[in-house]
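Just need the whole structure built from these sequences, with the hints factored in.
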Amino acid sequence: MELKIEHLTKKYKDKTAVDDVSLTVTPGIWGLLGANGAGKTTLMRMIAGIMKPDSGCVKYDGINITALGETYRDIFGYLPQEFGFYPEFTVKDYLEYVAVLKGLTRQETKRKTGELLETLTLEGVKNKKIIKLSGGMKRRVGIAQALLNEPEVLILDEPTSGLDPGERVRFRNLLSEFAQNRIVLISTHIVPDIEYIACQNAVMKDGRILASGTTEELVGIMDGKVWNVQMPAYDVHRAEQKARIVNLRNDNSESVSVRYLSDKPVFPESLQAQPRLEDLYLWLFPQEESGKEEH
Amino acid sequence: MKNDAFITELKKEFRENCPEVCEKHMEKTAGLVKTFYESRQNSRSRTRRIGFGELVLRQIRFIGWKIWCLQLAVMAVMYCALHTIFGNMDVASRHMPFLLFAMAVMLAWMAVPMMGRSIRYRMAEIESASRFSLGRLMAARLLITEAGAVVLMAGMMRLTAAGSIYRLSEIVFSSLLPFLAVTGICTGLLGHIRVQSYVKSCNAAVACILASVFIMDRLGTGSPADLPAAAGWTACVFCLAACAYQIRRLWKKDSFEDGTVFC
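Those protein sequences? They're chains A and B, same order as listed.
For the first sequence, the residue numbers in our numbering are 1 to 295.
For the second sequence, the residue numbers in our numbering are 1001 to 1263.
I should point out that these hints are in silico values taken from the structure, not numbers from a laboratory.
Some hints could be false.
Among chain A residues calculated to face chain B with C-beta under 7 Å, some are [to be verified]:
#1 A48
#2 G56
#3 L68
#4 E70
#5 F83
#6 G84
#7 Y97
#8 V100
#9 L101
#10 G103
#11 Y196
#12 K205
#13 R208
Distance windows between CB atoms, simulated [as the list claims (entries may be wrong)]:
#14 T1008/B - E177/A: 56 to 62 Å
#15 C1208/B - R168/A: 50 to 56 Å
#16 E123/A - K1066/B: 54 to 60 Å
Glycine residues also receive a C-beta, built at the ideal position from the N, C-alpha and C atoms.
Written out as structure tokens, the structure is:
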């Protein structure tokens, strides 16, 4: 089982959204990291087969997904970044509607819908209209529809947007369990959501893949670039001018623990810190704040 | 055969030091690969999937009954209009063809809002990525709405024929022909323009046609009812074939990338 992305390119009038991207995605959870406008959604749409690239192709097990057509969509689950609902749909109606589009028989629809309503804790709201649900619950409904046909390839575009921390943890656990012998590709700019579950990651910027590899390999890029130092609280403002500060923690009313990124120590008595994936993200995307949700 | 068992078998094959490359080994390895591939295919195909027919039937629950109720309401209004007109034979004889024409155009147009729903409510992306894809879903919706419209058309033509003013061919050319023509236009537009512009484009086209009908009626010019029989029936067959072709083309469409839904 292998999804091969070969030299995908997509251009709009004034911008190249995806620029000659190649990647081989194997079973397991893959994280696709990138800031807003990096090209993640465009790439996801091309992998989903709902947007034609200007050049390049996507192959599943060596066959172009365009040639596979219905066969590919049959084993494919997709959650777009933004999605809507028909206003008259309840949660159950929506799942049954999508189940029909995915070709599930009536018995299979009933079985899978019941299973997913329970797994994603939607049983209590199954007869409620979706437009009346909270953002987090709507997102769970969206995740449920992606899993209806037990896909072998699951593409999730910003799946945790709108979910509270508890829901995020449940979602991570669900995905980890689901990803056995399956390809799961998650695009996000919320690094912690994939840091603990993704075995492989790709970082995207300006339409290109900057780096890809296991989480350990990518984090290894930041070896020797992450520092911790304690300083007086009044010095913090000055420190922000000198280095890229990624975290501030008040130890007490007088001193602050500062975590910053730099090729070499900038402040006296700085100690090397264990890098995280988030540090790599902030190193590559200095304008973005990690954990800031996209709207 | 599961993954682990297959891998164990393969490992056993290669555990022997420097296995001899010979046909017997190659055949056995190829045989193992084939068995594994077939068992994987079988496990996939065990899950039955529904066909297009069942898709259409099951869509009735979600959209069919709503559009049919609406069409029934429109039918009731049409019936009242026709009944009133037939009370005045002079009006009936002069304006009936244009009224039938306008009603047929309206009936054909009623499918358009249904086709634009996916974009209006941002469901198009999920629908495009599903097994049946947006094209076949659109074809299913079209069949459901036009099935209702055809029944209403038949009712309308029957009512008109009962008035005994016009011949069958005149009734058909005034109602069925424009119905098929507008259906062909609206279906054809779906695959050739941006989906976001689809509803507005169809509305504009239908508005122009209705305005033309109104002007023709006011000016007292000829109507489709005056078409020679051969030309009229040929036009009907041509429009029917065009509709069938467009629905078939829609049915085969995997996505609306030609119209670029998401750019």
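Results for each hint:
1. A48: holds (5 Å)
2. G56: violated (14 Å)
3. L68: Violated: closest Cβ of chain B sits about 10 Å from L68/A, beyond 7 Å.
4. E70: holds (6 Å)
5. F83: holds (6 Å)
6. G84: holds (3 Å)
7. Y97: holds (6 Å)
8. V100: Since chain B brings a Cβ to about 5 Å from V100/A, closer than 7 Å, the hint holds.
9. L101: holds (4 Å)
10. G103: holds (4 Å)
11. Y196: violated (26 Å)
12. K205: Since chain B brings no Cβ nearer than about 21 Å to K205/A, farther than 7 Å, the hint is violated.
13. R208: Violated, about 20 Å.
14. T1008/B - E177/A: 56 to 62 Å: violated (25 Å)
15. C1208/B - R168/A: 50 to 56 Å: This hint holds: roughly 53 Å between Cβ atoms.
16. E123/A - K1066/B: 54 to 60 Å: Distance hint for E123/A, K1066/B is violated at roughly 28 Å.
The structure fails to meet hints 2, 3, 11, 12, 13, 14, 16 from the earlier list, while all remaining hints are met.
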